[in-house]
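K.L.:
Residue-level listing of the chains:
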Amino acid sequence: MDKRLERILPRVQKPARYTGGEYNQIIKDKSKVDLRLAFCFPDTYEIGMSNLGMSILYHTMNSLDFVWCERAFAPWGDMYEEMKKAGIPLYALESGDSLKDFDVLAFSIGYEMAYTTVLDMLDMAGVPLRREDRKELLPLVFAGGSAAVNAEPIADFMDLFVIGEGEEMNNELLTLFRQAKLEGWSKEDFLVKAAGIEGVYVPSLYDIDYKTDGTLESIRPRAGAPEKVTKRIVVDLDNAPFPTNPIVPSTEVVHDRVNLELFRGCVRGCRFCQAGHIYRPIRAKKPETLIKQGIETLKNTGHQDVTLLSLSTSDYRPLEQLCDGLLEYCESRSIGLSLPSLRADNFSMELMEKLQKVRKSGLTFAVEGGSQRLRDAINKNVTQEDLLNTCAIAFAGGWNSVKLYYMLGLPTETDEDIVGIAEMANQVLHCWRENARNKNRGVKITISTSCFIPKPHSPFQWEEQISKEEYLRRVNLLRSSITARNVTYNWHDAETSVIEAALSRGDRRMSSVIEEVWRQGGRLEAWSDYFSYERWEGAFSKCGLDMGFYASRERSVDELLPWDMIDVGVRKAHLIHEREQCYASKLSPDCRKQCSACGAARLMRGGKCDG
Amino acid sequence: MDKLRLRFKKTGRAVYISHLDLMQTMQRAFSRAGYELKYSEGFNPHPQISIALPLSVGTASLCEIMDFKLKEEADISAIPARLTAALPEGIEVADCYEPRRKAAELKYLRVAGVFEYDERDGEQMAAALRDFYSAGEIVIAKKTKRGMGETDIKPAIREISFEAKEKSAELEAVISAQEPTLNPELLAQALRQLAPDLAPDFAKFTRLEIYDKNMELFR
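Those protein sequence lines, which keep their order, are chains S and L. All the letters of the first sequence, read from the start, carry residue numbers 670 to 1280 under the working numbering. All the letters of the second sequence, read from the start, carry residue numbers 12 to 230 under the working numbering.
Calculated from the structure, these hints are not laboratory results. For each residue, glycine too, the CB sits at the ideal point set by N, CA and C. Treat the hints with care, as some may be off.
[What the hints assert, rightly or not] Here are the simulated DSSO-like cross-link-like pairs (lysine-lysine), alpha carbons at most 27 Å apart as the crow flies:
no., chain 1, residue 1, chain 2, residue 2
1, L, Lys82, L, Lys118
2, S, Lys968, L, Lys80
3, L, Lys156, S, Lys754
4, S, Lys672, L, Lys20
5, S, Lys701, S, Lys856
6, S, Lys968, L, Lys20
7, S, Lys753, L, Lys178
8, L, Lys215, S, Lys672
9, L, Lys215, S, Lys753
10, L, Lys113, L, Lys20
11, S, Lys683, L, Lys82
12, S, Lys683, L, Lys14
13, L, Lys118, S, Lys672
14, L, Lys113, S, Lys683
15, S, Lys856, S, Lys699
16, S, Lys697, L, Lys49
17, L, Lys224, S, Lys968
18, S, Lys961, L, Lys82
19, S, Lys968, L, Lys154
20, S, Lys683, L, Lys156
21, L, Lys153, S, Lys683
22, L, Lys49, S, Lys961
23, L, Lys178, L, Lys113
24, L, Lys154, L, Lys165
25, L, Lys178, L, Lys154
26, S, Lys968, L, Lys82
27, L, Lys118, L, Lys224
28, S, Lys672, L, Lys176
29, L, Lys178, S, Lys754
[Stated by the list, open to error] Partial selection, computed: residues in chain L whose CB lies under 8 Å from chain S:
no., residue
30, Gly23
31, Arg24
32, Ala25
33, Tyr27
34, Ile28
35, Thr36
36, Ser42
37, Leu48
38, Tyr50
39, Glu100
40, Gly101
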């Protein structure tokens, strides 16, 4: 180990996150590989090591014998300071080697607030931030992850983006890059060829022109780059690579457990939800596959918990069969099975009873809107009746704490809808009084609100975001409407939401703002410890850009959007139709009731969407 | 199955795994190796494992001891190899046996230490260190549960010697492990408080061996 590092580690918090050496890490002989790749996660070790996508891609990229894929995370503030002071560049955990000697830096970006951390990791690695300053073939810097569906705000920092699921695409890309390295291609030559791989977006091959009002005039691909980059997916999840021997952290991480992904995509189509649209089409794994992978992973990791992941677990058709299969293995071994993202409408108490034999702590419902009209407008198919029925069963079964999540600032929201949130909480309280098994234990009802953020590729991508002052007014209206003592109200502050809104719908000019914020010390801004609204405000004004233009402005549906060169499968016409349905306060049937022909199914290459 | 005892090493990158994380890591390693730990009874069952002397983060050890119980009978001789294969880099099980004495009878610890001096001469420092540690008492300020207190660490040092290296001094000491417990880091801490000129730029320690009150090897 580096002598300087040895001196630092005893002084920083949780040093085990900076050492590597965990069980199941992959070590290769570096003299025998052609590409050294650093898989960079622009957040802390604890967050990155909880990420299933990272775990899958670590293994798929390492399945190539000519690649050694290692991990790098962003150090927490104390370690960051120490590394700067000692002049230690960012290093990969497996080998401890500095990232500046790597051939490829691959970023997984799931969240806009990680952008400044991406820059910081490049800088800590000693790699020039902007792609125009990286003319040589090496290193290749690319990014993927859900934030890449609008790659523009960080397009000036990346050589290319992988759009969609990386299991197959990354390996095709790396195979091409190996050839480029061995044959000594120029970077330009490589990028032009890479743009031919389905799902690869090479920003330098697209010229963007702007109108005088600041909106986009045109997106002009060159050198044979496709007009639209179509998202890449894995068609058959049962046969897709899935590591049953993931790395087991030697220190506590956020989700310290076996993660099983039931299906990708969502049948629901909530209109505010980006994930529900960009992960379509729906592809499920067979329960037999999941049971086998789950048991194998439990054996290989020694974990004591399994979690079933998906956007809406209740919509997994063979859920009961899967749970029974897993419980048969888990129960006798005291292994816990948990199911997040259950819906209120088809919530099965029997299932919950089976799963949570001991702890009956809290139930959480994402209600999102305070009235049935608003819930219809956003296509959140939950009724008050469903919610109260579920609560009644839960209270009768001994639960005594309910959390209700809402968004404020959704399109068409009125003050009446906001007051409706407080009324709904009262109804839940009333329901507890009527059904609780033991009233002496009391009840706790918690309302949480956050500020709605319009996201690219969702039906609300054209919508305005309310100002933070207006958000506060709505918060105060809700506060004054809550009278019951057992109801607590927490609201997320709107400052992060405003920045997130500006970034998520940003264009290429945003790169100067992001760079300026980083230069002023911005990093790890997904953490409130490090976030500064004023720093962003200052950077926007220094760069001559208007935050409101990006965050709060309503776009017209014929405006050319910065992410229009990315095709995630769902057609724009579908998004426009869904938005119109919103203004008519009309529900759309979920995919299981009636296919809306959203367009994502064409990515299935002959396979069938499981909607 | 009755209580079993492991002796294991914790070196290299594994020295940064904290005591609590090590308990979790051990528990998972047993499961990966195909052994089921016995759980305690009661409202919140937890596996019955205990590690004798918690090790500070950053300190290596060749002589850690952990007691545990298995649910079912197992071939004890196979445990060290199987468990080592299931452990992260740097943790290695040396042997496994049925303990004949209680962990409370463990009394002394042999430790090795390196005091690094970036700009100073090892010979001179070693001589000065020998001097310093030959004092009749070494009273340092130490955080206790009730705020700051003073404690004489000298009685807890049974023997100590220094060997000069080019830019460091290597120590070997036998110190009291329990009643009182002397954290070897206090050997460097004492210098920072009482003889700042002797304070090393960096100090690191390795536990070498454990003994009972009669200086017999503890197993």
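K.L.:
Next, verify each hint and record whether it holds.
P.N.:
Checked hints:
For the proposed pair lysine 82 of chain L and lysine 118 of chain L, the alpha carbon gap of about 30 Å is over 27 Å, so the pair is violated. A hinted pair counts as satisfied when its Cα atoms are at most 27 Å apart, and lysine 968 of chain S with lysine 80 of chain L qualifies at roughly 20 Å. Proposed proximity of lysine 156 of chain L and lysine 754 of chain S is contradicted: the alpha carbons are some 34 Å apart, above 27 Å. Restraint check for lysine 672 of chain S and lysine 20 of chain L: satisfied, since their Cα atoms lie roughly 21 Å apart, inside the 27 Å limit.
Only pairs whose Cα atoms come within 27 Å are accepted, and lysine 701 of chain S paired with lysine 856 of chain S is accepted, the gap being roughly 24 Å. Of the pairs offered as hints, the one joining lysine 968 of chain S and lysine 20 of chain L holds, with about 24 Å between alpha carbons and a cut-off of 27 Å not exceeded. The hinted pair formed by lysine 753 of chain S and lysine 178 of chain L meets the criterion: a straight-line CA distance of about 25 Å does not exceed 27 Å. Note on lysine 215 of chain L and lysine 672 of chain S: the hinted pairing holds, with a Cα-Cα distance of about 12 Å set against a maximum of 27 Å.
Between lysine 215 of chain L and lysine 753 of chain S the CA atoms are separated by roughly 23 Å; this keeps the pair inside 27 Å, and the hint holds. Annotation: proposed proximity of lysine 113 of chain L to lysine 20 of chain L holds, straight-line Cα distance about 20 Å (limit 27 Å). Between lysine 683 of chain S and lysine 82 of chain L the alpha-carbon distance is near 32 Å, which puts this suggested pair outside the 27 Å criterion. A C-alpha spacing of about 32 Å is found between lysine 683 of chain S and lysine 14 of chain L, which places the hinted pair above 27 Å, so the restraint is violated.
At most 27 Å may separate the alpha-carbon atoms for a hinted pair to count; lysine 118 of chain L and lysine 672 of chain S exceed this at roughly 33 Å. Taking the CA atoms of lysine 113 of chain L and lysine 683 of chain S, the gap is about 32 Å. The hint is violated against a cut of 27 Å. For the hint pairing lysine 856 of chain S with lysine 699 of chain S, the CA-to-CA distance comes to about 23 Å; that is within 27 Å, so the pair holds. Between lysine 697 of chain S and lysine 49 of chain L the alpha-carbon distance is near 37 Å, which puts this suggested pair outside the 27 Å criterion.
Distance hint between lysine 224 of chain L and lysine 968 of chain S is unfulfilled; the C-alpha atoms sit about 42 Å from each other, more than 27 Å. Under the criterion of a C-alpha separation no larger than 27 Å, the hint pairing lysine 961 of chain S with lysine 82 of chain L is consistent with the structure, at around 25 Å. Between lysine 968 of chain S and lysine 154 of chain L the alpha-carbon distance is near 43 Å, which puts this suggested pair outside the 27 Å criterion. Our distance criterion of 27 Å between C-alpha atoms is met by lysine 683 of chain S and lysine 156 of chain L, whose separation comes to about 23 Å.
Restraint check: the Cα-Cα separation between lysine 153 of chain L and lysine 683 of chain S comes to about 23 Å, which is no more than 27 Å; the hinted pair holds. As the CA atoms of lysine 49 of chain L and lysine 961 of chain S are separated by approximately 26 Å, the hinted pair is consistent with the 27 Å bound. Proposed proximity of lysine 178 of chain L and lysine 113 of chain L is contradicted: the alpha carbons are some 41 Å apart, above 27 Å. Of the pairs offered as hints, the one joining lysine 154 of chain L and lysine 165 of chain L holds, with about 17 Å between alpha carbons and a cut-off of 27 Å not exceeded.
As the CA atoms of lysine 178 of chain L and lysine 154 of chain L are separated by approximately 31 Å, the hinted pair breaks the 27 Å bound. For the hint pairing lysine 968 of chain S with lysine 82 of chain L, the CA-to-CA distance comes to about 17 Å; that is within 27 Å, so the pair holds. Distance restraint check for lysine 118 of chain L and lysine 224 of chain L: the Cα-Cα separation of roughly 5 Å lies within the 27 Å cut-off, and the hinted pair is therefore satisfied. This hinted pair checks out: lysine 672 of chain S and lysine 176 of chain L have alpha carbons roughly 17 Å apart, not beyond 27 Å.
At most 27 Å may separate the alpha-carbon atoms for a hinted pair to count; lysine 178 of chain L and lysine 754 of chain S meet this at roughly 22 Å. About 7 Å separates the beta-carbon of glycine 23 of chain L from the nearest beta-carbon of chain S, less than 8 Å, and the hint is met. For the restraint placing arginine 24 of chain L at the interface with chain S, the shortest Cβ-Cβ distance is roughly 3 Å, inside the 8 Å limit, so the hint holds. Hint status for alanine 25 of chain L: holds, given a least beta-carbon distance of 6 Å to chain S, under 8 Å.
A hinted interface residue such as tyrosine 27 of chain L counts as satisfied when its beta carbon comes closer than 8 Å to some beta carbon of chain S; here the least separation is about 4 Å, so the hint holds. Because the closest C-beta pair between isoleucine 28 of chain L and chain S is about 5 Å apart, less than 8 Å, the hint holds. Here the hint on threonine 36 of chain L is kept, as its CB sits about 5 Å from the closest CB of chain S, short of 8 Å. The closest approach between the C-beta of serine 42 of chain L and any C-beta of chain S is roughly 4 Å, which is under the 8 Å cut-off, so the hint is satisfied.
For leucine 48 of chain L, the shortest C-beta to C-beta distance to chain S is roughly 10 Å, which exceeds 8 Å, and the interface hint is violated. For tyrosine 50 of chain L, the suggested interface contact is upheld, since its CB lies about 7 Å from the closest CB of chain S, less than 8 Å. Against a cut-off of 8 Å between C-beta atoms, the interface hint on glutamate 100 of chain L holds, since the closest Cβ of chain S lies about 4 Å away. The restraint placing glycine 101 of chain L at the interface with chain S holds, with a minimum CB-CB distance near 6 Å, inside the 8 Å limit.
In this structure, the hints that do not hold are numbers 1, 3, 11, 12, 13, 14, 16, 17, 19, 23, 25, 37, in rising order.
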